[in-house]
Amino acid sequence: MTTIRMVEGGTTMENQFPIQQFLDPQGNWISENHQELLTEERTKEFYQQMIRIRTFDRKAVSLQRQGRIGTYAAFEGQEASQVGSALALNKKDWIFPTYRDHGATMTFGHSLRNVLLFWNGRNEGNIPPEGLNIFPPGIPIATQLPHAVGAAFAEKRKGTKKAVITYFGDGATSEGDFHEGLNFASVFSSPVVFFNQNNQYAISVPMSKQMKTKTIAQKGLAYDIPSVRIDGNDVFSVYVHTLEALERARAGQGPTLIEAVTWRYGAHTTADDPSKYRDQQESTNRREESDPLLRLERCMKQNGWFNEEWVNKITNDAVQEVEQAVEEMEAYVKPDPAMIFDYVYQEITPSLAKQKKALLHMLGGDEQ
Amino acid sequence: MTTTVKTNSLTLVTAITDALAVMLKDDENVLLLGEDIGKNGGVFRATEGLQAEFGEDRVIDTPLSEAGFVGAAIGMAANGLKPVVEIQFLGFIYPAYEQLMTHAVRLRSRTLGHYSVPLVIRAPYGAGVRAPEIHCDSTEAIFTHMPGMKVVCPSNPYDAKGLMIAAIEDPDPVLFLEPMRSYRAVKENVPEGKYSIEIGKGNKLVEGDDVTIITWGAMVPVVMNATKRLRDDDVSCDVIDLRTLSPLDEELIAESVQKTGRTVIVQEAHPTSSVANDIMSVINETCFLYQKAPVEKVSGFDTPVPYFSYEDFYLPTPERVIHAVTKVMNF
Amino acid sequence: MIKVKLHDIGEGMTQADINHFFVEPGDVVKADDPLVEVQTDKMTAEIPAPTSGTIKEIKVERGSTVAVGTTVMILEPQGTFRTTRSIDKKVEKKVSNREAEGQFKPSHSPKRILAAPYTRKIARENDIKIEQVNGTGPANRITDEDVYSFINGSSQSATDVPMDAPVKTDDQASPKTIPYKGMRKQIGKKMVQSLFTIPHCTHFEEIDVTELISLRKQLKKQGKSVSATIFFMKALTICLKEFPLFNASLDEENETIFLYDECHIGLATDTSEGLIVPVMKNVEKKSFAKLQLEMKELIDKATNQSLTLQECKGSTFTISNVGPLGGSTGATPIINAPEVGLMAFHKTKKRPVVNEQDEIVVRSMMNISMSYDHRVVDGASAVAFTNRFTELIENPTLLVVELM
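Note that the protein sequences, when read in sequence, are chains D, X and E.
For what it's worth, the working numbering labels the leading residue of the first sequence as 1, then goes sequentially.
For what it's worth, the working numbering labels the leading residue of the second sequence as 1, then goes sequentially.
For what it's worth, the working numbering labels the leading residue of the third sequence as 1, then goes sequentially.
Note that these hints are calculated values from the structure, not bench results.
Here the structure is a predicted model, which is why all the values come from computation and not from measurement.
Any given hint could turn out to be false.
Restricting the straight-line Cα-Cα distance to at most 25 Å, the calculated cross-link-like pairs of lysine to aspartate or glutamate (DMTMM-like) are [said to hold, decoys possible]:
{"hint": "1", "chain 1": "E", "residue 1": "Lys286", "chain 2": "E", "residue 2": "Glu211"}
{"hint": "2", "chain 1": "E", "residue 1": "Lys30", "chain 2": "D", "residue 2": "Glu327"}
{"hint": "3", "chain 1": "D", "residue 1": "Lys354", "chain 2": "X", "residue 2": "Asp57"}
Covered by chain D, according to a simulated footprint, are these stretches of chain X (three or more residues, beta-carbon under 8 Å) [claimed, not checked]:
{"hint": "4", "stretch": "83-95"}
{"hint": "5", "stretch": "108-116"}
{"hint": "6", "stretch": "290-298"}
Partial list, derived from the structure: chain X residues whose beta carbon lies under 7 Å from chain D [what the hints assert, rightly or not]:
{"hint": "7", "residue": "Glu192"}
{"hint": "8", "residue": "Tyr195"}
{"hint": "9", "residue": "Lys204"}
{"hint": "10", "residue": "Gly208"}
{"hint": "11", "residue": "Glu285"}
Ideal Cβ positions, reconstructed from N, Cα and C, are used throughout, including at glycine.
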C-alpha cells in the first residue's frame, strides 16, 4: 500500500500553467481580453524597440569577432520578453538584470555606449543614466534575486509605490539563491516581479536535464507566490502580464513569478558554439515560426499598419544610433590604471594607496 | 635494455582530458560531474569526448547549482565513489564554499577517519584572456586556508596530467586549479598512460645562485620570460614552480633560499593574506640567518580583479618581476 | 589599408584553422559582412568585416592553421576608419625605459653568509661588507660582536658631523659636538646591551695588599718584575676553579649555562680610541713570567690599535685595573656579556687599619668591585668568591702554595 501520495507531476502542472498568449505566431489576436491594447501606435512602439535592440545585438557579436569588444552574450530571439517587460515599468522602478538582459535595460533607458563599454571590459559601463535604477548585471547565476528582494523591501519600508523587477534564466532555478529569494519575497511580501526567461538551455544543458518539472511557474506554488507561464515571444502577453504583476506589487500584494517561455537563437556567449550540443536547425525553424519581430510584422500587415518605408526608416535610425554608440565607445577615454584603486573603498586605505603609487610609478605615470 | 615511452603532443587542457580518461578507465568508481561537461565537453573542452566514451552515468551534466553538486559529490565520495567535479570558473565556486569549508575538509577529522572525502574539484582560474568580470579570480588562498584541503596548480601539460592522476588517487579533498590562459599556450610531449607527480613537491625549473623566484600556475611563463632577460644582465635565478600550494614544499624553498639569500615571490592573487605570505613565513622560519635582502612579493593588487580593459594593469608582468629582482639584488 | 586579423575570440584560444572564405580579392564588402569562417577547438565562428571596403589581398590559405594576431586579409576601407586601443604598447615602452635604471651592483659572491638581518644592518651602517667578516657563532654565524670586532680592528676616522646637530637657540647652552659613532658608538651599544640583559649586582671589598707589595719588591730586587695584575689574575684562576659559576656564560634562550675549564681573562684596557678588551688565554696554565710578557705585548698592541680579532675574543671573565689610572675607590662595572663576572681593582692607598691585636697600623689597602650576573649566581656565592680572593691576595705565600 502506498501511503505517500505523489502529485501527478509533469502533465498536471503543465496543464495548470498553460502558456498565456495574446498574439499567435501568425500575428492573430487570439485572446478575448485586452483587445483594446492592440493599437497601431503600441504595436509600432514594440516593433521599433525590438528592431533597435536586435540591431545592437548583431553589431555587438560582429564587434567581438573583430576583436573590438570582449566576450558577448547575445539575446537574439528573446526581444519580446525584454522589450515587453521593460516597457511595463515606471521610470522610477528598479531593474536587476543578468548579463543577457541589456535588451531590457536599453529599452528601459540604459545608454547604448555604456552597455558596449561594459562588454569591452570597462566598469564605466555599469553606470546607469541619471535617475534610472539599473543594477549591474548579475554574473554568477541567480545571485541578483535576493538583491532585488531586498531593494523591494526597502521601497516598501520607505512607503513608495516603486516596484522591482529581476530577470533570470531557467538554469538559475537550480541555484539556492532562487529559492531563498522567492521565500524571502513571500515572507516579507516584497513588491518584486521575478521575471524568468526560460530560453530552455543553460549553456548546453536543456531544461529537461536541469529540472524534472515541466514548468518553472509551478515553483512559485511552494512559496505561495502567484505565478504564470506566458509566451515570451509574444510581446503583448509579456507586456500585459508584467504590468499586472507590477500593479500587484504597488498595491501591496507582494511578489509574482512570471515564466516567459522563449528561445535564444545563437550561442550562450561568443565563447560558446551551440552546434556542439544542439541541432541549430531548431533555431532556424523557430526563426520562421515564432520570431517575435516577424510576429509583429504579420500582425501589422493584417491590420494594414505595415509600411515598408517606415520599417526602413526605423531600421536606419537603429543602425545610426548603434554606430554612434560604437564610435563613442571606441573614442572613450583610455583606461586609467588609477581607477582600479580608487573605488575599492570610499576612502583608499594606506596599503592600497601604496600599491597604487607603486603601479603608477612602474607605468611611468603621474603619482597622485 | 631501454624502454621507450610513447608520448602525445598535448596542451595543458588536453593533458587534463587525457588524465581524466586514464582514470575513468583505471577505476570504475571515478566519475565526472559539472555544468556542460557532457555533450558540450566543458566550456573549455576539458572533458571533450569523455561522455561519448564513458557514458552519461560516468560523465554527468548536473543542474546549475555549485553548492548542490559539490555537496552531492561529498556524499558520493564518503560512500565509495571518486567524484571529479568541474567548477566552470573559480569565480563561481563561492556558493560551494560552505560545502567545502564546513564539510569536505573536516569530515575525516569529525569522524576520526571513519568517513573521508576523496574528492577532486577542478577549477580554471586567473585573468589574461579578456573574459568577463568574476571569471578571472585567483583566490587560491581562500582554499589553502582550509585545514584538510590540498591545493594543486600545474603550469604545464606534463605536470597537469601527473598531478591530476595524483589528485584523483589522493585520499583527501584536492582543489585542482587550472591556469586558464596556459590552457592552450604550449604543446608538450606527454607520456601515454598512467603516471603521477607527488602532491606537495615543487619543481626547480632553473638553477641559479643570485636570487630565488618562487611562483606557480599562470605566472610561470611570466617568470620564465623575466628570468631570460635577467640572464642577459648576468643575474642568475633559481626558479621554483611550486605545483602544490598546500602543503607547501618547505624543503625545496629552504634549500634554494639558503643558497641565494634573496627571494622574489610572484603570484597573480591579491597580496593580502595570500600564499606568498605563507611562503614568506616558511622563509622566515628556515632561512632567517641567510637573508641578504627582504623578500619581495610581486602580486595583483588588493582590488577586485578589474574588468579586462584594466587587467593588464593588474596582472604581474615580466617588467614587474625584473623590477623586484633588481630591488633585492641592490638592497 | 586595414589588416583584418585573427583575434582571441574564445577566452584563451591561441590559434584557429581557416575553414573557408566568403570573399575573394576584389570583392566589395559592407561593414559586418562575413569574410572568413574559422574553426577553433572551442567553436566555429565567422569573422566579419570591420568596415565597408574592398578586399585587396588574402594573406593565408584555406585549411591552414593560423595564430592569434595573424593578418588574414587586407581590406581597403571606404572612407575613413577609426580604431582605438593601443594602451598596451605605450605601457610597455614606459616600463622598458624604467628598466634602464636597474643596474645590478651587488657582487655575485657564492659564499653563504649566516647573519641575522640586524647583524647585517650593523655592518651596513658601518659600511662593511658582511662577506669580509669571519663568523664565530654557531655554524660560523656572524654575530653582532664579530661585526663590532671587525670594526675595532679596522681603523676608523670619525670626522663627519652628524646630520641632526641640535639647533642652537639663544637661551640654550651651546655645546661643542663630537660625533657619537664608530668605536665610541659600538662601545655604547655593547654596554647598553649588557646592562639591559643582565641583572647586575656589585660587591665591594677592601683588600690589604701590603704583603703583596713587599713580595713584588723582593722579586724586583732579584731582577724579576711582576705586575700586581698578574697576581690578581693568578688568584682569580684559583677562585674560578673553586667557584666555576663565575667562569661561565648564560644562554638564556637555550636555558643553558656554559661552564669553562679554561681561564681566559679579558683585560679591560683604556686606549685613546676607547675601551678595548684583549684576552689573556689560559692564564691558569702559564707562568708568571710568560703572562707578564704577554700582557705587555697585548697592551702595546691595544695602544697601537694593532690587535687582531682573535686577540680580542673568547674571554671567560674580565678584569679592569683602574688603579694605575689614578683610580677611584669604588665603581659598579658593567659585565662583559655574556660572561658572568667582572672584577675592577681600584687605587691602592696607605690607610690606618685596626689589626687583630687591636692596634692601629698603617697598611696598603686596595678596594675591589665585583659585578656579577645575578641570574647565574647569588649574593652568598659572590661573598665567598671575593673572600677567597681577598685571602689569596692578602697571603701571597698561600697563593703560591695553592698554585703548586
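Hint check:
| no. | hint | in the structure |
| --- | --- | --- |
| 1 | E:Lys286 to E:Glu211 | holds (23 Å) |
| 2 | E:Lys30 to D:Glu327 | holds (17 Å) |
| 3 | D:Lys354 to X:Asp57 | violated (53 Å) |
| 4 | 83-95 | holds (count 4) |
| 5 | 108-116 | violated (count 0) |
| 6 | 290-298 | violated (count 0) |
| 7 | Glu192 | violated (27 Å) |
| 8 | Tyr195 | violated (31 Å) |
| 9 | Lys204 | violated (28 Å) |
| 10 | Gly208 | violated (24 Å) |
| 11 | Glu285 | violated (24 Å) |
Of the numbered hints stated above, those contradicted by the structure are hints 3, 5, 6, 7, 8, 9, 10, 11, listed in ascending order.
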